[in-house]
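Number of protein chains: 2
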Amino acid sequence: MLAHKTYFEGKVQSVGFERNGRRATVGVVDAGEFHFGTEAAERMTVVSGELWAKLPGESAWRAFPAGTTFEVPAKSGFDVKASVPAAYLCEFL
Amino acid sequence: MLAHKTYFEGKVQSVGFERNGRRATVGVVDAGEFHFGTEAAERMTVVSGELWAKLPGESAWRAFPAGTTFEVPAKSGFDVKASVPAAYLCEFL
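Residue numbers (the numbering used here), protein chains in the order written: chain P, 631 to 723; chain R, 631 to 723.
Among the hints, a few may not be true.
It does not matter which identical chain is used: a pair holds within one copy or between any two.
[Unchecked claim] For lysine to any residue, the following SDA-like pairs were computed, each having C-alpha atoms within a straight-line distance of at most 20 angstroms:
| # | residue 1 | residue 2 |
| --- | --- | --- |
| 1 | K705 | L632 |
| 2 | K711 | N650 |
| 3 | K711 | L632 |
| 4 | K684 | G697 |
| 5 | K711 | F638 |
| 6 | K635 | D660 |
| 7 | K635 | G646 |
| 8 | K705 | E639 |
| 9 | K641 | R652 |
| 10 | K711 | W691 |
| 11 | K711 | E648 |
| 12 | K711 | A633 |
| 13 | K641 | K705 |
| 14 | K705 | A671 |
| 15 | K641 | A690 |
| 16 | K684 | F700 |
| 17 | K711 | M631 |
In case anyone wonders, no lab produced these hints; they're calculated from the structure.
Next up, chain P with everything else stripped away, as it sits in the complex:
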């Protein structure tokens, strides 16, 4: 059963799925800056475009171009921003 979710008035949207008992989503971040809290740990892989992220414990933004990945611990959060839309795969760890 696929699950569409929309955040920030539609500026971040995802489609969630489950495979082999693991949850994941693919989605798009529109231009803007957003904060996400994490319940489970997450691995984010940029699949199109470029995302900037400010990770827990870091004070600077870092660029994550398509093909790169960052991980976020459980029960924390991260800031993400994009200047033009970028697509990602989010795997819950």
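Dock chain R against chain P, hints included.
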């Protein structure tokens, strides 16, 4: 402006975006077999899991695991199937 689309009673869902004047979507194919017609040519990249595709002019199914890509000409179509959910990036060429 991101655009959510749903096909085949929700068994294929995507989020569409545009960047640098080019349209693309990320989406998920749930377990099942589906046919898509193409208006524009498309490049499909599997980003999680595995899709099987039967491309125009081919009579056999081929497997496309995560990280691989296939292209479909404009004004044609292709069959796609999955045994468990798989995620893709679709770029309109």
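Exercise. So which of the earlier hints does this model not fit?
Worked result: 1, 8, 13, 15
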